[in-house]
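First to last, the sequence lines map onto chains A and B.
For the first sequence, our numbering begins at 489 and goes up steadily by one.
For the second sequence, our numbering begins at 3 and goes up steadily by one.
One or more of the hints may lead you astray.
[Said to hold, decoys possible] Restricting the straight-line Cα-Cα distance to at most 25 Å, the calculated cross-link-like pairs of lysine-lysine (BS3-like) are:
hint, chain 1, residue 1, chain 2, residue 2
1, B, K130, B, K104
2, B, K55, A, K573
3, B, K55, A, K786
4, B, K130, A, K713
5, A, K665, A, K560
6, A, K657, B, K78
7, A, K818, A, K538
8, A, K573, A, K678
9, B, K104, A, K765
10, A, K538, A, K678
11, A, K587, A, K677
12, B, K110, A, K780
13, A, K665, A, K538
14, A, K556, A, K817
15, A, K657, B, K122
16, A, K587, A, K657
17, A, K786, B, K37
18, A, K761, B, K78
19, A, K718, B, K104
20, A, K538, B, K130
[Unchecked claim] Facing chain B, according to a computed beta carbon distance under 8 Å, are these residues of chain A, among others:
hint, residue
21, F598
22, R646
23, E731
24, G737
25, E810
Hints in this document: simulated from the structure, not taken from any laboratory.
Beta carbons: idealized from backbone N, C-alpha and C, even for Gly.
What follows is each chain in one-letter form.
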Amino acid sequence: MKQPFDHRHAAHCESGALSALLRNRGLDLSEPMVFGIGGGLFFLYMPFIKMGGIPLTAYRDAPRVIIKNICKRLGITLRTMRFRKPEDSMAELDRLLEKGIAVGLQASVFYLSYFPRDMRFQFNAHNLVVFGKEGDNYLISDPVFEHPVSCPADDLRRARFAKGIYAPKGLLYYPEKMPSSPDLKEPIKKAIRQTCGRMLNIPLPFVGVRGIRYLAREIERWPVKLGPEKAPLYLGSVIRMQEEIGTGGAGFRFMYTAFLQEASDLLGLPHVKDAAKMMSENGDLWREFAVKGARLCKGHETGKEIYNELAAIVRECADREEEIFRLLKKAV
Amino acid sequence: MKAKEVPQEESILEGNRRACYAEDEHGRYVVVPSKGWEVEKIINAQAHAEIDKHVEEARQEVLRGEASPLKYHMLKCQMTPGLLSATTGLWRWQVHRHFKPKVFASLKRPMLERYADAMKMNVEELCKAPHNIQPKNHIMPDETEKT
Chain A
489 MKQPFDHRHA AHCESGALSA LLRNRGLDLS EPMVFGIGGG LFFLYMPFIK MGGIPLTAYR
549 DAPRVIIKNI CKRLGITLRT MRFRKPEDSM AELDRLLEKG IAVGLQASVF YLSYFPRDMR
609 FQFNAHNLVV FGKEGDNYLI SDPVFEHPVS CPADDLRRAR FAKGIYAPKG LLYYPEKMPS
669 SPDLKEPIKK AIRQTCGRML NIPLPFVGVR GIRYLAREIE RWPVKLGPEK APLYLGSVIR
729 MQEEIGTGGA GFRFMYTAFL QEASDLLGLP HVKDAAKMMS ENGDLWREFA VKGARLCKGH
789 ETGKEIYNEL AAIVRECADR EEEIFRLLKK AV
Chain B
3 MKAKEVPQEE SILEGNRRAC YAEDEHGRYV VVPSKGWEVE KIINAQAHAE IDKHVEEARQ
63 EVLRGEASPL KYHMLKCQMT PGLLSATTGL WRWQVHRHFK PKVFASLKRP MLERYADAMK
123 MNVEELCKAP HNIQPKNHIM PDETEKT
C-alpha cells in the first residue's frame, strides 16, 4: 500500500498536518495560511497550571483549535474517530490506507522511534500523516521532518494510545468533503479579527498581550521568589515553548509574518503589509530574548540585573504586539 | 529574521533539519531548514538534566535498597506514578506500593510483564537498576568543550 504523497517541510505539526492533508486532496494552502486562518497565534502564561512543576507557557492556542477553526471557516468536513481498543484503531487505519486515503493522527512524541533521542518527551498532542504501509512499517509524512519517515506498527500503536494530558485515544482524521477553491478573503479577515480580539480583549491577566506583560513582571520576581536553582528552569521552559517544540522560530511570530504577507497579497490592504513587517521585527526581538535567556540558563550570567534586562525585552515585545494587533484590527 | 541568519549549528537534531520561517532575498517569509541552534541545545540539555537528576536519585535509592527498580525505570521513561498507573491500568496506590522493594520482590510474573510492557522493556531489565551511571547523551555544551 503506497500512494504518492506530496510531503512538504513544515514548522508546526498541527498546521503542517492539515495543510498536507488538504494539499493531497487538491486544496493547496500553505502552512502559514492554515495557521493564520486557524487563528493559531496566541500567548498564555499560566502560573497555576504546572507541567512537571513549571508553569505552562504557550505561544499558540490549545491543540486542535487550528483544525477546528479552519474547517469551520472554509467549510471543510473533517471525519474524526477515536477508539477504545488499539486493535480497532489500527485496523481502521489499515482499512483507510487500503482505500488510498491519507490519514492524520494524533500521537505521543515519546514513542515515535524516528524522532531524535533528545527530542522525545512525553508530549501527546503531536500530529502526523500516514500515507502508506510497507510490511510492518507505516509510511509517515511527519510535517516537522524534512523528508517522509517510517515507523514500526508497534511504536505507532503505543504513540496513539499514550495516556496522560491530551491523551490521543487513537484519534484519526481526514477531510471528507471540501470546497475545491474556497474564497479566502472573508475567512482571513475573520481569523485576523479573532486573533486581535484574543490578543487584546480577554480580561484576564494571563493571556494575550496582558499575559506577555504578566510574564515580564514574573521574570523580574523569579530570582527572589525562586532562587538561583529554580529560576533558570522556569526561564528555560519559556524558551523551550518558544523555540524548541516546532514553532518556526520566535514562538510562531515568524510563521504569522508569512501569513500576514500572503494575506496582504490577497486582501490588498497596505496596513496588513505594514503589520507583517512589524511582526517580523517583533519576532527578532523574541529571538534576542531567547539568546540572552539561554546564556543565563547555561550559567554564564547570574544576578538580578539580567532578569530585569530579559523582562524589559519581553515588555517591549508586549508593546509591539499591542501596536500590531491594534493596527490589524483597524485594517480589517 | 533573514534567511542567512537562520542558525546552522550542531545541535540535538541528529542530522535532521528543523523548518524555520525567515525572510528570503525578495523580503518574503519562507521555510528555511535549520541544522540546529545553540539556544535549543542549551535549553534541551537543561530539561534533560532536570529529568536525569530525579532518575539518578531513584537509582541511588534502589542501590541502597530503599526503592524498587520500578521507580527508577518509571522516571527513566519520563513517567509519573499517575501516568504509569493510567498506562498499565493499575491503581495509583498499587504503583506506589510497588515502589517498596519487598512488595516488588513478591510480584508475580504477569504483573511484572504488565509493567515491562508499559515501558517497552523485558521483565529482566525491569527487575534491576544499573550499578554504574549510564553514559549521558545530552551534555551541556560547556562540558563538551572541556573533554
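Here is how each hint holds up against the structure:
{"no.": "1", "hint": "B:K130 to B:K104", "result": "holds (14 Å)"}
{"no.": "2", "hint": "B:K55 to A:K573", "result": "violated (36 Å)"}
{"no.": "3", "hint": "B:K55 to A:K786", "result": "holds (16 Å)"}
{"no.": "4", "hint": "B:K130 to A:K713", "result": "violated (40 Å)"}
{"no.": "5", "hint": "A:K665 to A:K560", "result": "holds (12 Å)"}
{"no.": "6", "hint": "A:K657 to B:K78", "result": "holds (24 Å)"}
{"no.": "7", "hint": "A:K818 to A:K538", "result": "violated (36 Å)"}
{"no.": "8", "hint": "A:K573 to A:K678", "result": "violated (39 Å)"}
{"no.": "9", "hint": "B:K104 to A:K765", "result": "violated (65 Å)"}
{"no.": "10", "hint": "A:K538 to A:K678", "result": "violated (33 Å)"}
{"no.": "11", "hint": "A:K587 to A:K677", "result": "violated (37 Å)"}
{"no.": "12", "hint": "B:K110 to A:K780", "result": "violated (53 Å)"}
{"no.": "13", "hint": "A:K665 to A:K538", "result": "violated (39 Å)"}
{"no.": "14", "hint": "A:K556 to A:K817", "result": "holds (22 Å)"}
{"no.": "15", "hint": "A:K657 to B:K122", "result": "holds (19 Å)"}
{"no.": "16", "hint": "A:K587 to A:K657", "result": "holds (23 Å)"}
{"no.": "17", "hint": "A:K786 to B:K37", "result": "holds (21 Å)"}
{"no.": "18", "hint": "A:K761 to B:K78", "result": "violated (49 Å)"}
{"no.": "19", "hint": "A:K718 to B:K104", "result": "violated (35 Å)"}
{"no.": "20", "hint": "A:K538 to B:K130", "result": "violated (32 Å)"}
{"no.": "21", "hint": "F598", "result": "holds (7 Å)"}
{"no.": "22", "hint": "R646", "result": "holds (7 Å)"}
{"no.": "23", "hint": "E731", "result": "holds (5 Å)"}
{"no.": "24", "hint": "G737", "result": "holds (5 Å)"}
{"no.": "25", "hint": "E810", "result": "violated (22 Å)"}
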